[in-house]
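*Asks:* Here's the letter readout for the chains.
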Amino acid sequence: MARIRLDGIAHSYAGKPESDRDYALKPLHHVWEQGQAYALLGPSGCGKTTLLNIISGLVIPSEGHLYFDDVDVTQLPTEKRNIAQVFQFPVIYDTMTVAQNLAFPLKNRRMDKALIDKRVSEIAQMLDLNRDLNRRARGLTADAKQKISLGRGLVRADVSAVLFDEPLTVIDPALKWELRSKLKSVHRALNLLMIYVTHDQIEALTFADKVVVMNDGRAVQIGTPAELFERPDHTFVGYFIGSPGMNLLPASVAGTRARVEGGEIQLGAAYPALPSGKRVQIGVRPDYAVLTTGAGLPVKVKRIADLGRKRLAYVSLGGQPLVTSVPPDMGSIGEDAKVAFDAKHTLVYADDIRVEGTAS
Amino acid sequence: MTTKPVNNYAWFFVLPVLAFVMFSSIIPAMTVVNYSVQDTLGANSFFWNGDTAFRALLNPTTEIGARFNDALFRTLAFSLTCLLIEVPLGILVALCLPRKGWAVGISLVLIALPMLIPWNVIGTIWQIFTRADIGLFGAALTGLGLPYNVTQNTISAWSTIVVIDVWHWTPLVVLLSYAGLRAIPDAYYQAARIDGASRWATFANIELPKLQKVLVIAVLLRFMQTFMIYTEPFVVTGGGPGSATTFLSIDLVKIALGQVDLGNGAAMSLVYYLITLTVCWVFYTIMTQLERRRDA
Amino acid sequence: MTLVLDHVGLTEAGVPVISDVTLSLDPGTLNVLLGPTLAGKTTLMRLMAGLERPTTGRILASGRDVTKLSVRRRSVAMVYQQFVNYPSLTVFENIASPLRVAGVGQSEIDSRVAEAARLLRLDNLLQRLPAQLSGGQQQRTAIARALVKRAELVLLDEPLANLDYKLREELREELPRIFAQSGAILVYATTEPTEALLLGGTVMTLREGRITQVGPTALVYRQPANIDAARVFSDPPLNELAIKKSGPLIALASGRTLPAIGALANLADGDYLMGCRADAVAVNNSDPARLTFPGKVAVTEISGSESFVRVDVGTGVWVCLSEGVHTWEPGENVVVGLDVNRAFLFDAAGSLAVPPKMAQSA
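Line by line, the protein sequences are chains A, B and C.
The numbering used here numbers the first residue of the first sequence as 1 and each following residue consecutively.
The numbering used here numbers the first residue of the second sequence as 1 and each following residue consecutively.
The numbering used here numbers the first residue of the third sequence as 1 and each following residue consecutively.
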């Protein structure tokens, strides 16, 4: 078991970094608690794979320190860190059977054969591989191979953390959920620290207890899936999580009301006067901006997207584009409509950072 | 796959090549087959010989049969020796070559240099190189007190030809292996490090299996070339001392051109060709069958 | 140009890859080809383009038989899943390449390339090489190249599949708009029902080389004509249950009987396959208008606005939808409530016997 602490970890591939832009990973302080499942979520190029490689030891960070249970491992090579890593495509030893693959790390440590066999069958049982133990590894399907890769990591009882680098990329889409379910049950059974890198929000939100949203080398917000969805601290998180992402409207905020082009919106909290010069926006998810026949701001409907189980209306509020939900019982919609905002879920952002209001 | 438009224009493109191949290969080959069943001294004097030449050749009790037998064994021994040295050496060198950075280009060029030299020039270089008086190699060895004499000592002659071939052609194995190694994704090495595998275990479990296809090609190519070796022994040792380095091709030329025994010469070359073909086919079939059975 | 496929079929090595496809595509329309992987979408598009010749049937362009016409003589543009660009040409040259092949004059090339680049927001990248571009930019270059050709038939083979999902969202919205002005026939292949719904237009569901249904996308979604079309058009997968109706009861394969409530009440007796999508089943919903099934949770997949719970109900694994972020732990015992009024009832032959009562209007 390990608790991993990042102390000012930063990485620049180009030697001496001159400015912020040279950093692939900007200075980061974070503690990964043992037994938790984390996801690193972000678009390509955001630095998530770099961070994963720093933790596993495949990349030595240009700045900062890394501690496993308060031991400084920053310069320690991968093999000594006692972690397991599952890559994007299955990495198995072609010439060996499944059982030999799983036993390999233990054989390299010269463990007793009886102990090795016992451990291999435990892990094979957990991953549903026991039927295939004596088959050649290379003849199996991609998801079985990924389970073998995972098993090789788990077979060492003292492994401190398991790192996943977009492991479901090559898996048949129909089978992805089975593997996700298996990963979750392994996590519950072994109570290991697991860190999962992905650019797919569904994978991140499904797998993790806490998600680290990254963009441009920076950790933008760390929180539970519910927190990230309901209370994004940064406009990027609002945009990235949820499909479609959060609507952002330029506004001026005073007390409990916000003025946007096209009208005034009631907010769920009272906000202090915001310093001038900051770009103020209100953010509201399409789920909470709903077309209504009752009271609401007038909008012009540009397009209706029928998603089968729900409908989205792409509208224009005073010239600003807005994505809204259509209530299921609303009939056909003409060019003019009204939108109601859920005050509790209408958030205020100044220069992309969320402003906390006082409950009114 | 794209279905091509169906017409017969393509045949016109093939005609020139067909004509060329006819003249350079097929007609001469048919001539050889013709000669092999005749007793001839060339110049339109042909006497039908039937399969006499072949029978004599394959019968070790006849003079020509015995000679063929000896040359065949000599050549096979030579091929085997070269393969046993070149393949492991080539893989070893490939493992040591840099994979990234500016050194890659330079090392690859340096390694490939021996292959770029024309073959008879190689023979001449080494002929001088091995002379005990002015050749660096020869002088160095005799200076160390070794009984080195390429024209009179059998062991010297044999080892020299082997060394020449290894020097000349190991780079081919190196380049093929290097390409094979470069194709292995980094993730395998990373996984091996995480699994705590030793350098040897990484080699045996990751690199060697992935090099298998490349090695099949390398072994086939090297076998064919060593089996047919001609210029180096011809220039450096002349087939001597005695018949110590008289390999199949040298023997063939002696009979066919030296003794103008075209009938026997032609028969020999046909048998020679069939042996090469058979060995390669057998080897290739075994390797692909092993592949298939392993995948099952 | 109107494209008509008349009983088109393709057999490869004795195996029928495409069987008896008859379609009529009008100019200026967006046609979505929806089907699982290996259903034959790419093959069908290649047949439309002329890259493959059909074994049976004819292809007509505006009434003219073009079955034997080579692709070079047809007015076709194709965009692939892998970003296919000429690696040694700049973005400008890449986009201009079809025009250069056609021998168009330089000034016209300049203006058409500029217009395509503007529509796809590549204006300031025109001098870069493809290797210097991100995945999304490379794909936009490929799309611009297809656009500039002003072909009458534009085929897009899962063009967004290799992009990050956010990029996919953005491009998916732009694509129909960009091509709408050209008046071409747009054919878009995808495996995702959500993408088909977002694109709109007409959908053609494809399964194992056969077209199972053609119609306006939202309509086919709500009223699939048969079980195949329903399965293809459901993501998450359709929850299925085999039932036998006799009188006031329905019996399951396990022997358990349930009251035939709601839409089932007026059903004729017989064997049916009941299929419902994830939004028709809910976890721990004991509304009396629903049929209940006990089960065990396998995993909860969260997408932010929605959560999908996979529950093992004995006869199979069902997917249930909840709004918002909810988590049920794997192994938890739950009860799944099925809204019968939102279920599709397919008869023994697989065609739709009774559409769901609550079909929403567009």
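A hint or two may mislead.
To be verified - List time: in silico DSS-like cross-link candidates among lysine-lysine, alpha-carbon distance up to 30 Å: (1) A:LYS182 - C:LYS296; (2) A:LYS344 - A:LYS310; (3) B:LYS210 - A:LYS26; (4) A:LYS118 - A:LYS176; (5) A:LYS113 - B:LYS213; (6) B:LYS210 - A:LYS176; (7) A:LYS107 - B:LYS254; (8) A:LYS184 - C:LYS166; (9) A:LYS310 - C:LYS68; (10) C:LYS166 - A:LYS344; (11) A:LYS26 - C:LYS296; (12) C:LYS245 - A:LYS184; (13) B:LYS210 - A:LYS80; (14) A:LYS184 - B:LYS100; (15) A:LYS310 - A:LYS278; (16) A:LYS210 - A:LYS176; (17) A:LYS210 - A:LYS182; (18) C:LYS166 - A:LYS176; (19) A:LYS310 - C:LYS166; (20) A:LYS278 - C:LYS166; (21) A:LYS182 - A:LYS80; (22) A:LYS302 - C:LYS166; (23) A:LYS210 - C:LYS166; (24) A:LYS176 - A:LYS113; (25) C:LYS245 - A:LYS210; (26) A:LYS300 - C:LYS68; (27) A:LYS182 - C:LYS166; (28) A:LYS176 - C:LYS296; (29) A:LYS338 - C:LYS166; (30) B:LYS100 - A:LYS80.
Said to hold, decoys possible - Derived Cβ-Cβ restraints for the label pairs, each shown as a range: (31) A:THR293 - C:THR2: 37 to 43 Å; (32) C:ARG256 - B:ARG292: 31 to 37 Å; (33) A:ILE333 - C:GLY103: 48 to 54 Å.
Calculated directly from the structure, the hints in this document are not laboratory data.
From the three backbone atoms N, C-alpha and C, an ideal C-beta is built for every residue, glycine too.
*Asks:* Hint numbers the structure violates, sorted upward?
*Replies:* Violated: hints 3, 5, 7, 9, 11, 12, 14, 15, 24, 25, 26, 32.
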